[in-house]
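Chains as they are written, first to last, in the working numbering: chain A, 1 to 167; chain B, 1001 to 1189.
Note that these hints are calculated values from the structure, not bench results.
Here a beta-carbon is modelled for each residue, glycine too, at the ideal position from N, C-alpha and C.
Possibly wrong hints are sitting among the right ones.
One-sided excerpt, in silico: chain A residues whose CB lies under 7 Å from chain B [as the list claims (entries may be wrong)]: (1) Leu18; (2) Arg23; (3) Gly54; (4) Phe61; (5) Ala71; (6) Val149.
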Amino acid sequence: MNHKYSWHHWVDYLEGALPEEQRAEMEEHLRACEECGHLRNNVIAVENKLQLAGKRLRNSFPLNQDRTRQAVESCIESISKTDAAVPNSTSMLDRLTTLRAFMTPLCGSGTVTRALRAAAQRTAVPSPEALPEVLWPDFMENLSAITGVLCGDPAAVLVAEVGRLAS
Amino acid sequence: MKPGIAADFQDEPNEREAVEAFLATGSEAAFGKLASALFTRLVRYFSIRGLDAQTAEELAQDVLMIIYRKAEMLRNKESFYGWFYKIARNQHLQHVRQHKREAELVDLDRLPPSSGQAGETSQEDEFFHWIHPLEPDEQQIMILRYVEDLTYQEIATALSIPLGTVKWKIFDAKMKLTDILSQSRERSM
């Protein structure tokens, strides 16, 4: 970076995270060195502008109470349905069937059952059949990792691809 | 969970308190407050990335459901916001992939073309105008830092990149913007 200070020093200095002694030393240099002092002032100016503009953008999305309330209630309703063990959609069951059909010759049916169950548990659902569509990517990520351990990396890659195509 | 929990909806919920209460109890009432507190943040996250209001709200709901399902698996409660934005980013990626045949060509970091163009800028567009000269991945990090107000560590978690990389990228981006600011000042003198 500039002169004797690395970018690590600059980051810690600008964030106020530099130890007091080092901070005092660096400020002494910034007072003595016109180039570094100028750089410090300009970086702080940029920082201030970014903070102000970022805050304005953040506040330009006001809380819409009605929409928020509707969305939260809809969300809670969806969760309630899943908690009540409502049978899963056909498409999700089809996906699981496709996975089973593909994985069984590779890993054996017992291993496939265990892998699907373990992947579901790691996705925080009680069973593969209870898997909501929104958790499919996470489920597939877990299943691929488990398949890799049980049946090897090539199988894991293939399973991930089948899961992607099935969705 | 019973519908109607959102009756606990607060006008201006204290977001951090809502997060802490939900992570501590996992209760239905706490989730209602958490969802109310985070919904606008999520809609903003997706809207900034060019999604229409309806899609942004749908994805926001998906993210909230995932949080409800997976909160128990969050080992370090301190890293909630990083984890939260990681889920949002994954949902965005999934959405983009589902809606584009050429998924491998998707650049998740690229902002929508309307953001940061030259010409008159509204107060809301000012931020995009500022970060426009940066690379797409730098722009995303700057949004997380200055719009979403995340710490360096939370950004590292959200993007699954090392903390040092986040620090360097933000520093480097600020250096680039400093150069641009200096040049524009020199030109105007």
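Status of each hint after checking the structure:
1. Leu18: 13 Å, violated
2. Arg23: Hint on Arg23 (chain A): violated, closest Cβ of chain B at ~17 Å, above 7 Å.
3. Gly54: 3 Å, holds
4. Phe61: Because about 4 Å separates Phe61 (chain A) from the closest Cβ in chain B, which is inside the 7 Å limit, the hint holds.
5. Ala71: Interface hint status for Ala71 (chain A): holds (6 Å vs cutoff 7 Å).
6. Val149: Result: violated, 19 Å to nearest chain B Cβ.
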